[in-house]
Every structure is written in C-alpha cells, then in structure tokens.
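Could you build all of it, start to finish, from the sequences and the hints given here?
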Amino acid sequence: MSAVITVTPAHLAAEILPERPVRVQRYFRETFLLIGRGLRTIPRVPERLSDVTIQPIIFTLLFLYVFGSSIKIPGMTYQNYLLPGLIGQSLAFGVIGAGVATATDFSTGVVDRFRSLPVTRLSVISAQVVGQIIEQLLGLAIVTVMGLVLGWRPHLSPGGCVEIIVLVLLGMFAFTWFGVLMGMLVRSSDAMQGIGFAIVLPLSFLAGTFVQIQRMKAVPRAIGDWDPLSAFVAGVRHVTQGTNAQGSWQLTHPVVAMVGWCALIIAIFVPLALRRFRRLS
Amino acid sequence: MNQDTLLTNEVVVRTENLTKRFGEFVAVDHFDLEVTSGSIVSLLGPNGAGKTTIVRMLATLTEPSAGSATVCGYDVVHQADRVRSVLSLTGQFAALEDNLTAHENLILMARLRGYGRGAAKRVVEGLIERLDIDEFRNKLVKSVSGGQRRRVDLAASLVVQPRILILDEPTTGLDPRSRQVVWSVIRELVSEGVTVFLTTQYLEEADALANHIVLIDHGRATAAGTPSELKSRIGDQRVDVIALDTLGLERLVGALSSSFEITVSHDRRMVSIPAPHDLSDLAAVTSAVAQTGVSVDEIALRRPTLDDAFMALTGQPSDSASAELQPEEVAS
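Chains as they are written, first to last, in numbering that gives the first Met the number 0: chain A, 0 to 280; chain B, 0 to 331.
These aren't lab readings, by the way, just hints derived from the structure by calculation. Note that this is a predicted model, so its numbers are computed, not measured. Take the hints with a grain of salt, since some may be wrong.
As the list claims (entries may be wrong) - Residues on chain A that point at chain B, a partial pick, calculated with CB under 7 Å:
(1) LEU32
(2) ARG36
(3) VAL44
(4) SER115
(5) LEU116
(6) PRO117
(7) ILE264
Unchecked claim - Just the calculated beta-carbon pair ranges, DEER-fashion:
(8) A:THR242 / B:GLU62: 50 to 58 Å
(9) B:GLU62 / A:ILE70: 53 to 61 Å
(10) B:ARG116 / A:PRO219: 52 to 60 Å
(11) A:LEU263 / B:TYR201: 38 to 46 Å
(12) B:VAL76 / A:PRO270: 15 to 23 Å
(13) A:HIS154 / B:GLU62: 52 to 60 Å
(14) A:ILE267 / B:GLU62: 47 to 55 Å
(15) A:ARG25 / B:VAL76: 18 to 26 Å
(16) B:GLY117 / A:LEU271: 37 to 45 Å
(17) B:HIS77 / A:ARG25: 53 to 61 Å
(18) A:GLY158 / B:ASP74: 53 to 61 Å
(19) B:SER231 / A:ARG275: 47 to 55 Å
(20) A:ARG275 / B:ARG232: 39 to 47 Å
C-beta: ideal position from N, C-alpha, C; glycine also.
If you want it as structure tokens, here you go:
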C-alpha cells in the first residue's frame with residue numbers, strides 16, 4: 000500500500016487550529032482555562048470548601064461562646080483577639096486544602112491528561128496554586144463577615160487595609176505552594192488530610208490563636224514563641240488591632256517575621272514543588 | 000512534513016532499547032517497537048508486563064531510564080512539546096474532571112488544545128454527535144456509566160485529529176456492549192487514517208482490532224506478528240470435554256482416543272481435541288461423547304487464551320504472581 004491518505008475527517012474539516020501563540024501568551028491562556036476548570040467545580044462539591052469555611056466558623060462559635068467567657072484578654076474584647084487569630088490560622092490551613100486538592104487531582108489521572116497535552120507545564124501547577132488561593136479567599140470572606148456580625152471591630156486605616164490584604168495574599172501564596180508540594184508527595188487525599196491536621200492543628204493552637212502565648216506554661220510557651228504560625232497570628236493581630244504580643248523576637252516584630260517566614264517558605268518549597276512536578280512519573 | 004497528509008508505511012512510533020527502571024525493578028527492558036502510519040498495533044500482555052509504562056514514556060509522562068523513543072520523528076525527551084502536539088492519549092483510568100459535565104470536559108480539552116471559543120463549540124458538537132454522547136452531555140462525568148465515560152474520554156482525545164492515538168487498555172472493565180461501541184469507534188478512526196497504538200490484556204481484543212500484535216511480558220517483547228501469524232504459532236482452537244469423575248474420564252479416553260487426536264489432563268479431568276473446523280469438530284466430538292453414555296460436566300469449544308499464547312510462544316506461563324506488581328506503585 001502506498002496510497003496517500005488525507006487526514007481531514009468530516010467533523011474537523013471546518014475547524015483549523017489557530018497558529019500557536021508565543022509561549023508567554025500560551026502560559027496565561029492555559030492557566031486561566033485551568034483555573035476556570037477548578038472554580039467551576041466549587042458549587043458542585045461545596046464540601047471541598049469546608050476546610051476553609053465550616054472549620055473556621057465552628058472554631059469562631061466554639062471559642063467565642065464556649066471558651067470565650069472564661070478567657071480574658073487584658074485590654075480588648077475576645078472578638079477582637081479571636082478573629083485576627085482565626086485569619087492567621089486559616090492561612091496555615093491552606094496547606095491542608097491545597098494538599099488534599101492536589102493529591103486528589105494527581106491520583107485521578109486528570110493531571111496526567113493535562114500533562115500529555117501540548118500545554119505549558121508551568122500553567123498546570125500555576126492554576127493549581129491560584130485556584131486554591133481563590134478558594135481560600137472565599138472562605139476567608141465568610142469568616143470575616145461572620146466576625147464583623149458577631150462584634151469584631153478591626154482598627155484599619157486605608158494603609159492598614161492594603162497591608163493586611165498584601166500580608167494575607169503573601170501568606171496564602173506561601174502555604175499553598177507548600178500544600179501543593181505535600182499533595183504531590185503524599186498522593187492520597189485521605190493521608191494528606193490526616194497528616195495535615197496532625198501537624199497544623201496543634202501548631203495553630205500553640206500559636207496564640209485562642210489564648211495568649213505569654214500566659215502558657217513553660218513548654219508550650221517555648222514552642223509558641225518560635226512556632227512560625229505565631230508570627231502569622233501576631234502579624235494579622237498587629238495590623239488589624241494595633242496590638243503586639245510579648246515574648247520572642249518574632250512576636251514583638253510580627254509583620255517582619257511573617258514576611259520573613261513567607262520568604263523562607265517560598266524560597267524552599269516553590270523550587271521543590273516545581274522540581275517535583277517536572278519529575279512526576 | 001505536511002501535517003495534513005501522511006504516507007502509509009511512514010514510521011510514526013519508533014523505540015530503540017527503551018528501558019525504564021524503578022529502583023531495582025526493571026519495568027521495561029530494552030524494548031524495540033515500530034508503528035507505521037495507518038496501522039493498529041496492539042501491545043498484548045498481562046497486568047504489570049510494562050504496557051502502561053511504555054505508554055507513559057511515549058506520552059512524555061515519564062522519562063526513559065535508557066534507550067530512546069520517537070513519535071513522528073520527535074524525541075520524547077528532548078522534543079516533548081512537539082510529541083504532545085501530534086499524539087493523543089486515552090489513559091487506563093478515564094482522566095476526566097468528575098465534577099464537570101461531559102460537555103464542559105470536552106470544551107475544556109478543545110480550548111486547551113488551542114481552539115477559540117466558537118471553534119471549540121463546533122468541534123465538540125461534532126464529537127458529541129459522533130460518539131453518541133448527546134443523551135448524557137449535561138450530566139456530571141462522575142454520574143455516568145463506565146462505558147459512557149470511556150466515550151467521553153475517547154472524544155477528549157479526538158478534539159484534534161491526532162497523528163497517533165494511544166489507548167491504554169481501552170475496554171478494561173467495560174461491559175460487552177460498551178466494548179463493542181469502543182471497538183467500532185476505533186475501527187472507524189483507523190479507516191479515516193488515524194494510527195492507533197493500543198495496549199490490552201485480552202487476546203480477543205488484540206485479535207479483533209490490530210493488524211500487528213506485540214506480546215510483552217516482564218517488560219520484554221516476547222513475540223510479534225500479525226494476528227494470524229501468532230495464532231498459527233499458538234495453535235488452533237480445541238474442544239474440551241470435562242468428565243464428572245475419574246471413572247468417566249477413563250471411559251472417555253477409551254472411547255475417544257481411537258477416532259480423535261486427544262490430550263488428557265488428569266488433574267482437570269479433561270480431554271482436549273484440536274478443532275480446526277469449529278462447529279463440525281464440536282458436533283463430531285459431542286456425538287462421540289453421547290454414544291459413550293458418560294455424563295460430562297462440560298463440553299466447550301475454546302479459543303486460545305493469553306495464557307496459551309504465552310505457553311506456546313515463550314514456553315512458560317505468564318507470571319501472574321509478579322504481574323500483580325504495578326510499576327507505578329513501585330515508583331512511588
């Protein structure tokens with residue numbers, strides 16, 4: 000057989016694939032398409048948002064109304080102490096959300112399909128990160144509104160507003176990359192959920208989220224002093240309420256410490272995550 | 000090379016000494032393969048033989064440890080992006096977004112392949128009609144049946160007419176009716192000039208679809224040829240008569256050995272007779288058995304199985320114990 004076969008089947012004859020645009024343009028186009036895919040599924044699996052919505056809501060209600068009456072924070076209402084703490088804590092919970100979503104994607108083969116397409120591979124992982132951040136922002140918006148309704152009164156100047164938004168986005172960016180890496184390494188969403196909670200939950204309790212570190216016993220206080228999450232909790236609280244915690248350097252300079260921790264997490268885990276993604280097999 | 004025309008007998012896939020190791024475990028071992036355009040080549044082997052690993056290397060999902068592979072002349076390692084633009088993969092587990100509808104999944108795939116909004120819609124409409132997806136187009140993929148899912152999966156691989164379509168176990172786990180649908184789609188694609196490379200663990204499937212079969216076990220190619228070449232080497236089909244008890248077996252052997260060429264398996268209480276003429280041989284054996292008056296458990300016309308093929312071509316049964324080991328699991 001040496002006949003020439005023309006490969007233009009009827010269903011495609013009318014559609015010519017456009018010229019492939021330059022790399023940067025492709026990257027943004029494909030990243031947006033993939034982010035859209037993730038966001039579109041949110042209303043269909045609302046339980047996926049539970050990590051970033053239900054949990055903070057439960058924490059808020061439990062601590063405000065169950066423990067709140069017994070916890071006295073000198074000089075401020077418990078609402079004003081608790082809500083910044085929950086915002087700081089929710090940044091860290093992003094590790095679990097991003098990890099579980101990544102592990103799920105990578106175990107179902109859908110990421111393999113994207114990887115077998117002529118799309119820039121960076122767009123696959125970028126979309127994962129940005130999509131996760133958008134989900135977390137949704138959760139954070141719910142917690143913020145609920146906090147305001149229940150009596151939280153942040154003291155924010157316009158500059159403070161910008162500062163808190165930048166800090167929250169930076170924290171989310173860092174923790175989400177960490178979570179994406181964890182998800183690729185763990186590969187099972189159940190295991191990711193388990194490991195994530197075992198690490199993040201205790202660290203977030205020690206971080207001065209609900210009670211002051213300076214009034215803890217020696218051992219938890221020592222951990223809380225240098226727990227990275229303490230910097231995030233104290234940082235948010237410093238910007239929204241203008242108060243400073245007492246204790247270690249990172250607690251008395253919380254914003255600098257928070258930015259430092261973010262820089263460190265990004266410097267370590269972004270390259271590791273990218274490397275891991277390239278070497279997936 | 001012109002994107003729209005291709006000559007038959009042009010090499011689409013070539014592997015040379017392709018090897019993949021996961022630590023100590025050699026999943027694919029010096030594997031050579033050539034797929035020419037317009038053909039259907041089937042990689043036939045048991046679970047864990049290395050089929051999926053070969054597919055993943057061709058689809059640029061995992062890099063070879065040694066050796067080389069090219070798709071349409073592009074190297075899978077150094078020209079991965081070019082390879083991805085000429086190849087479509089339908090993996091072993093339908094790789095679709097569960098929480099999107101069939102239609103949304105296809106639109107996403109078409110857009111990722113580079114079509115604009117309008118063109119993507121038109122391409123997807125064509126595929127929905129062609130693969131009979133219309134009745135469940137707006138259902139979430141997680142709630143459709145396995146066969147329907149496969150069809151969406153195939154459609155997703157066809158948003159751009161690929162130079163080569165790679166199907167990893169396309170009908171594993173499907174009911175017979177869905178299997179027929181998938182087969183007819185594959186045949187139709189080939190008649191349109193698409194080159195297909197498929198893996199399967201079913202001899203029947205390789206036989207029904209492929210014009211060239213490569214047998215693989217322990218990551219090595221053990222035999223290759225057209226289905227009829229392989230079958231003539233495996234041997235013909237046969238009639239198996241299974242007796243109820245040992246006494247019956249002895250009486251059967253006594254009665255049948257004079258008029259048929261028999262082989263006896265005592266542990267299975269089975270007499271086996273070659274049946275090159277299908278039903279007429281079956282009828283002859285059945286009437287001979289009936290004349291003996293011995294009650295039997297089963298009389299059946301059997302085609303060679305994958306195990307028979309391995310027995311005949313390699314002299315040893317396919318090792319299903321080590322076959323349980325999935326290379327992907329070894330990797331992680």
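Checklist entry - Which numbered hints does this structure break? => result Of the numbered hints, 7, 11, 14, 17 do not hold.
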